[in-house]
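Visitor: Sequence:
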Amino acid sequence: MNRKEIASLIVKRIEEISIKQLQNQYRDSSKINHIVIDDLLPSEIALKLDDHFPEKQNLSLLSGPQERKYVAVDWESKSKLVEECLYAFQDERIITIISKVCQIDDLYGDPELYAGGLSYMNKGCFLNPHIDNSHDRLREKYRRLNLLYYVSTSLSKISDGGDLLLFPDGLKFDEIKIPAKFNRLVIMRTDNKSIHAVNPIQSSIAIRKCISNYYFSLSSPLSHDYYHSTSFRGFRGEKYKDLYLRLNAKLRTSIKSISGNLFGRFISTGHHRKIKK
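Numbered according to our numbering, the sequence shown spans residues 3 to 279.
Derived by calculation from the structure, the hints in this document are not laboratory data. Where hints are given, some of them may not hold.
[What the hints assert, rightly or not] Distance condition first, Cα-Cα at most 30 Å in a straight line; then the derived DSS-like pairs of lysine-lysine:
#1 252 <-> 71
#2 71 <-> 195
#3 183 <-> 102
[Claimed, not checked] What follows is a list of derived Cβ distance ranges for each label pair:
#4 253 <-> 175: 26 to 32 Å
#5 78 <-> 44: 20 to 26 Å
#6 30 <-> 98: 18 to 24 Å
#7 53 <-> 126: 22 to 28 Å
#8 249 <-> 156: 35 to 41 Å
#9 222 <-> 4: 33 to 39 Å
#10 179 <-> 65: 23 to 29 Å
#11 245 <-> 126: 21 to 27 Å
#12 245 <-> 23: 42 to 48 Å
#13 220 <-> 20: 27 to 33 Å
#14 175 <-> 205: 23 to 29 Å
#15 65 <-> 160: 21 to 27 Å
All figures in this text were calculated on a predicted structure; none of them were measured in a lab. Glycine included, every Cβ here is placed at the ideal spot set by N, Cα and C.
Could you put together the complete structure from these sequences and hints?
Guide: Next up, the structure:
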(Lines of atoms letter the chains of each structure in order from A and count residues from 1; the text may use other names and numbers.)
(Lines give C-alpha, C1' and ligand atoms only; values in the text may rest on other atoms or scores of the structure.)
Protein backbone atom coordinates (compact mmCIF):
# COMPACT_ATOMS: atom_id res chain seq x y z
CA MET A 1 0.00 0.00 0.00
CA ASN A 2 1.39 3.42 -0.96
CA ARG A 3 1.05 6.85 0.63
CA LYS A 4 -1.75 8.02 -1.65
CA GLU A 5 -3.86 4.98 -0.81
CA ILE A 6 -3.23 5.51 2.90
CA ALA A 7 -4.10 9.21 2.55
CA SER A 8 -7.39 8.27 0.89
CA LEU A 9 -8.27 6.06 3.86
CA ILE A 10 -7.46 8.85 6.33
CA VAL A 11 -9.61 11.34 4.42
CA LYS A 12 -12.43 8.79 4.32
CA ARG A 13 -12.24 8.29 8.09
CA ILE A 14 -12.35 12.04 8.75
CA GLU A 15 -15.35 12.42 6.46
CA GLU A 16 -17.11 9.54 8.24
CA ILE A 17 -16.88 11.43 11.52
CA SER A 18 -17.78 14.70 9.72
CA ILE A 19 -15.83 17.92 9.46
CA LYS A 20 -18.44 19.76 11.52
CA GLN A 21 -18.18 17.38 14.46
CA LEU A 22 -14.40 17.60 14.45
CA GLN A 23 -14.54 21.40 14.17
CA ASN A 24 -16.68 21.48 17.30
CA GLN A 25 -14.36 19.08 19.11
CA TYR A 26 -11.32 21.17 18.21
CA ARG A 27 -12.96 24.47 19.18
CA ASP A 28 -14.38 23.27 22.49
CA SER A 29 -11.49 21.08 23.66
CA SER A 30 -9.31 23.45 25.71
CA LYS A 31 -6.97 26.43 25.38
CA ILE A 32 -4.67 23.96 23.64
CA ASN A 33 -7.12 23.04 20.90
CA HIS A 34 -6.96 19.37 20.00
CA ILE A 35 -8.94 16.53 18.51
CA VAL A 36 -8.74 12.77 18.94
CA ILE A 37 -9.62 10.39 16.11
CA ASP A 38 -9.73 6.70 17.03
CA ASP A 39 -9.59 3.82 14.55
CA LEU A 40 -7.91 6.07 12.00
CA LEU A 41 -6.97 3.26 9.60
CA PRO A 42 -8.39 -0.22 9.08
CA SER A 43 -7.07 -2.41 11.89
CA GLU A 44 -5.17 -4.75 9.58
CA ILE A 45 -3.10 -1.84 8.26
CA ALA A 46 -2.50 -0.38 11.73
CA LEU A 47 -1.35 -3.80 12.97
CA LYS A 48 1.14 -4.02 10.11
CA LEU A 49 2.46 -0.56 11.01
CA ASP A 50 3.06 -1.78 14.55
CA ASP A 51 4.76 -4.93 13.28
CA HIS A 52 6.85 -3.12 10.65
CA PHE A 53 7.94 -0.26 12.91
CA PRO A 54 11.77 0.00 12.98
CA GLU A 55 13.49 -1.98 15.72
CA LYS A 56 15.40 -0.20 18.47
CA GLN A 57 18.78 -1.11 17.01
CA ASN A 58 17.90 0.94 13.91
CA LEU A 59 16.99 4.01 15.96
CA SER A 60 18.99 6.85 17.45
CA LEU A 61 18.70 7.59 21.17
CA LEU A 62 18.06 11.18 22.23
CA SER A 63 18.88 11.38 25.93
CA GLY A 64 19.20 14.40 28.19
CA PRO A 65 17.57 16.04 31.20
CA GLN A 66 14.61 17.08 29.02
CA GLU A 67 13.92 13.83 27.17
CA ARG A 68 14.71 10.21 26.56
CA LYS A 69 13.39 8.67 23.36
CA TYR A 70 14.52 6.93 20.19
CA VAL A 71 14.01 8.44 16.75
CA ALA A 72 14.22 6.86 13.32
CA VAL A 73 17.38 7.59 11.36
CA ASP A 74 17.27 4.80 8.80
CA TRP A 75 14.81 2.53 7.06
CA GLU A 76 14.81 -1.21 6.67
CA SER A 77 12.97 -2.61 3.66
CA LYS A 78 10.44 -4.09 6.08
CA SER A 79 9.57 -0.56 7.23
CA LYS A 80 8.47 0.69 3.80
CA LEU A 81 4.82 0.74 4.87
CA VAL A 82 5.70 2.93 7.85
CA GLU A 83 7.48 5.39 5.57
CA GLU A 84 4.47 5.51 3.25
CA CYS A 85 2.18 6.20 6.21
CA LEU A 86 4.49 8.95 7.47
CA TYR A 87 4.41 10.75 4.14
CA ALA A 88 0.69 10.13 3.65
CA PHE A 89 0.03 12.93 6.13
CA GLN A 90 1.76 15.33 3.72
CA ASP A 91 -0.83 14.59 1.03
CA GLU A 92 -2.61 17.78 -0.04
CA ARG A 93 -6.02 16.17 0.46
CA ILE A 94 -5.30 15.58 4.14
CA ILE A 95 -3.81 19.05 4.61
CA THR A 96 -6.90 20.58 2.99
CA ILE A 97 -9.40 18.70 5.13
CA ILE A 98 -7.43 19.34 8.35
CA SER A 99 -7.30 23.01 7.36
CA LYS A 100 -11.10 23.00 7.30
CA VAL A 101 -11.36 21.12 10.59
CA CYS A 102 -9.00 23.48 12.44
CA GLN A 103 -10.10 26.52 10.40
CA ILE A 104 -6.60 27.58 9.39
CA ASP A 105 -6.85 28.93 5.86
CA ASP A 106 -3.18 29.05 4.90
CA LEU A 107 -2.05 25.65 6.17
CA TYR A 108 1.04 24.05 4.64
CA GLY A 109 2.57 20.63 5.00
CA ASP A 110 6.21 19.86 5.71
CA PRO A 111 7.55 17.44 3.09
CA GLU A 112 11.10 17.69 4.47
CA LEU A 113 9.79 16.59 7.89
CA TYR A 114 11.55 19.19 9.99
CA ALA A 115 11.42 17.59 13.47
CA GLY A 116 8.83 15.10 12.23
CA GLY A 117 9.33 11.38 11.75
CA LEU A 118 9.14 8.38 14.04
CA SER A 119 9.60 8.08 17.77
CA TYR A 120 9.93 4.97 19.91
CA MET A 121 9.72 4.99 23.70
CA ASN A 122 10.20 2.05 26.06
CA LYS A 123 10.58 1.79 29.84
CA GLY A 124 12.18 4.89 31.32
CA CYS A 125 11.59 7.08 28.26
CA PHE A 126 9.88 10.45 28.77
CA LEU A 127 9.47 13.91 27.31
CA ASN A 128 9.47 16.87 29.70
CA PRO A 129 6.87 19.67 29.38
CA HIS A 130 7.75 21.97 26.51
CA ILE A 131 6.54 24.22 23.73
CA ASP A 132 7.67 23.35 20.22
CA ASN A 133 9.89 25.55 18.09
CA SER A 134 7.64 28.31 16.78
CA HIS A 135 8.71 28.09 13.14
CA ASP A 136 9.86 25.87 10.32
CA ARG A 137 13.53 25.30 9.54
CA LEU A 138 14.06 28.60 7.68
CA ARG A 139 11.72 30.60 9.95
CA GLU A 140 9.42 31.43 7.06
CA LYS A 141 6.26 29.82 8.47
CA TYR A 142 4.71 29.38 11.90
CA ARG A 143 4.30 25.91 13.33
CA ARG A 144 0.55 25.44 13.81
CA LEU A 145 -0.40 21.79 14.24
CA ASN A 146 1.21 18.65 15.59
CA LEU A 147 -0.18 15.35 14.26
CA LEU A 148 0.60 12.29 16.38
CA TYR A 149 -0.46 8.85 15.16
CA TYR A 150 0.03 5.98 17.62
CA VAL A 151 0.51 2.45 16.31
CA SER A 152 1.63 0.42 19.33
CA THR A 153 -0.55 -2.44 20.55
CA SER A 154 1.59 -3.10 23.65
CA LEU A 155 0.80 0.21 25.37
CA SER A 156 -2.63 -0.76 26.66
CA LYS A 157 -2.90 -0.03 30.39
CA ILE A 158 -3.30 3.35 32.09
CA SER A 159 -0.43 2.41 34.41
CA ASP A 160 1.93 1.87 31.46
CA GLY A 161 2.56 5.62 31.07
CA GLY A 162 3.45 7.18 27.73
CA ASP A 163 0.40 9.45 27.75
CA LEU A 164 0.33 12.77 25.93
CA LEU A 165 -0.08 15.47 28.58
CA LEU A 166 -1.48 18.90 27.75
CA PHE A 167 -1.16 21.83 30.16
CA PRO A 168 -3.69 24.42 28.91
CA ASP A 169 -3.57 26.40 32.18
CA GLY A 170 0.13 26.02 32.85
CA LEU A 171 2.21 23.60 34.89
CA LYS A 172 0.71 24.60 38.24
CA PHE A 173 -2.68 23.20 37.24
CA ASP A 174 -3.98 19.77 36.29
CA GLU A 175 -3.09 18.44 32.89
CA ILE A 176 -5.25 16.81 30.23
CA LYS A 177 -4.13 13.21 29.79
CA ILE A 178 -4.54 11.57 26.38
CA PRO A 179 -3.46 7.90 26.29
CA ALA A 180 -1.38 6.81 23.30
CA LYS A 181 -4.05 4.34 22.26
CA PHE A 182 -3.41 2.02 19.33
CA ASN A 183 -4.61 3.39 15.96
CA ARG A 184 -5.34 6.82 17.46
CA LEU A 185 -4.56 10.16 15.80
CA VAL A 186 -4.20 13.27 17.96
CA ILE A 187 -4.07 16.68 16.30
CA MET A 188 -3.05 19.52 18.61
CA ARG A 189 -2.46 23.23 18.33
CA THR A 190 1.11 24.45 18.72
CA ASP A 191 1.95 28.02 19.71
CA ASN A 192 3.87 29.81 22.47
CA LYS A 193 1.57 28.50 25.22
CA SER A 194 0.89 24.94 24.02
CA ILE A 195 2.82 23.17 26.77
CA HIS A 196 2.77 19.40 26.37
CA ALA A 197 4.73 16.38 27.55
CA VAL A 198 4.86 12.58 27.65
CA ASN A 199 4.88 10.95 31.08
CA PRO A 200 7.49 8.22 31.70
CA ILE A 201 6.91 4.71 30.38
CA GLN A 202 6.49 2.47 33.43
CA SER A 203 6.03 -0.99 31.93
CA SER A 204 8.96 -3.16 30.87
CA ILE A 205 6.94 -4.62 28.00
CA ALA A 206 5.09 -1.52 26.76
CA ILE A 207 6.46 0.40 23.78
CA ARG A 208 5.11 3.72 22.53
CA LYS A 209 5.37 3.95 18.74
CA CYS A 210 4.42 7.26 17.15
CA ILE A 211 4.34 8.62 13.60
CA SER A 212 4.51 12.41 13.82
CA ASN A 213 4.05 15.29 11.39
CA TYR A 214 3.77 19.06 11.63
CA TYR A 215 1.81 21.60 9.62
CA PHE A 216 2.72 25.28 9.23
CA SER A 217 1.19 28.57 8.10
CA LEU A 218 2.40 31.96 6.92
CA SER A 219 0.06 33.67 9.37
CA SER A 220 0.77 33.86 13.08
CA PRO A 221 -1.69 32.02 15.37
CA LEU A 222 -1.56 35.12 17.56
CA SER A 223 -2.22 38.74 16.67
CA HIS A 224 1.49 39.48 16.44
CA ASP A 225 4.78 38.03 15.27
CA TYR A 226 6.87 35.99 17.69
CA TYR A 227 9.73 33.51 17.80
CA HIS A 228 11.04 30.93 20.25
CA SER A 229 13.09 27.77 20.04
CA THR A 230 11.88 24.52 21.59
CA SER A 231 11.60 25.40 25.28
CA PHE A 232 11.51 22.73 27.98
CA ARG A 233 10.34 22.91 31.60
CA GLY A 234 10.53 20.56 34.54
CA PHE A 235 7.64 18.39 35.67
CA ARG A 236 6.04 19.45 38.95
CA GLY A 237 8.57 18.74 41.70
CA GLU A 238 11.59 19.10 39.39
CA LYS A 239 12.58 22.51 40.76
CA TYR A 240 16.26 22.55 39.84
CA LYS A 241 15.77 20.86 36.49
CA ASP A 242 13.08 23.41 35.67
CA LEU A 243 15.45 26.29 36.43
CA TYR A 244 18.18 24.79 34.25
CA LEU A 245 15.83 24.07 31.34
CA ARG A 246 14.30 27.56 31.44
CA LEU A 247 17.71 29.22 31.36
CA ASN A 248 18.80 26.91 28.55
CA ALA A 249 15.69 27.75 26.50
CA LYS A 250 16.17 31.49 26.96
CA LEU A 251 19.79 31.27 25.87
CA ARG A 252 19.02 29.22 22.75
CA THR A 253 16.10 31.46 21.78
CA SER A 254 18.27 34.57 22.20
CA ILE A 255 21.07 33.14 20.05
CA LYS A 256 18.68 32.00 17.32
CA SER A 257 16.81 35.32 17.39
CA ILE A 258 20.07 37.10 16.62
CA SER A 259 21.31 34.59 14.04
CA GLY A 260 18.02 34.46 12.11
CA ASN A 261 17.70 31.36 9.93
CA LEU A 262 21.46 30.75 9.72
CA PHE A 263 21.31 27.61 11.86
CA GLY A 264 18.27 26.35 9.99
CA ARG A 265 20.13 26.36 6.69
CA PHE A 266 22.54 23.75 8.02
CA ILE A 267 20.04 21.50 9.77
CA SER A 268 19.72 18.00 8.35
CA THR A 269 15.98 17.53 8.14
CA GLY A 270 13.89 14.46 8.77
CA HIS A 271 15.18 12.11 11.48
CA HIS A 272 14.54 9.19 9.17
CA ARG A 273 16.75 10.62 6.41
CA LYS A 274 19.86 11.67 8.30
CA ILE A 275 21.89 8.62 7.38
CA LYS A 276 19.76 7.21 4.59
CA LYS A 277 21.83 6.19 1.58
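Visitor: Does each hint fit the structure? Answer for all of them.
Guide: Okay, the hints, checked on the actual structure:
1. 252 <-> 71: Given that 30 Å is the threshold and the Cα spacing comes to 23 Å, the pair holds.
2. 71 <-> 195: Holds, at roughly 23 Å.
3. 183 <-> 102: holds (25 Å)
4. 253 <-> 175: 26 to 32 Å: holds (27 Å)
5. 78 <-> 44: 20 to 26 Å: Between residue 78 and residue 44, where Cβ atoms are some 23 Å apart, the hint holds.
6. 30 <-> 98: 18 to 24 Å: holds (23 Å)
7. 53 <-> 126: 22 to 28 Å: The hinted range 22 to 28 Å holds for residue 53 and residue 126, with Cβ atoms some 24 Å apart.
8. 249 <-> 156: 35 to 41 Å: Check passed, 37 Å falls within 35 to 41 Å.
9. 222 <-> 4: 33 to 39 Å: holds (35 Å)
10. 179 <-> 65: 23 to 29 Å: Between residue 179 and residue 65, where Cβ atoms are some 24 Å apart, the hint holds.
11. 245 <-> 126: 21 to 27 Å: holds (23 Å)
12. 245 <-> 23: 42 to 48 Å: holds (43 Å)
13. 220 <-> 20: 27 to 33 Å: The hint (27 to 33 Å, Cβ to Cβ) holds, given that residue 220 and residue 20 are roughly 28 Å apart.
14. 175 <-> 205: 23 to 29 Å: holds (27 Å)
15. 65 <-> 160: 21 to 27 Å: Given a distance of about 26 Å, which is inside 21 to 27 Å, the answer is holds.
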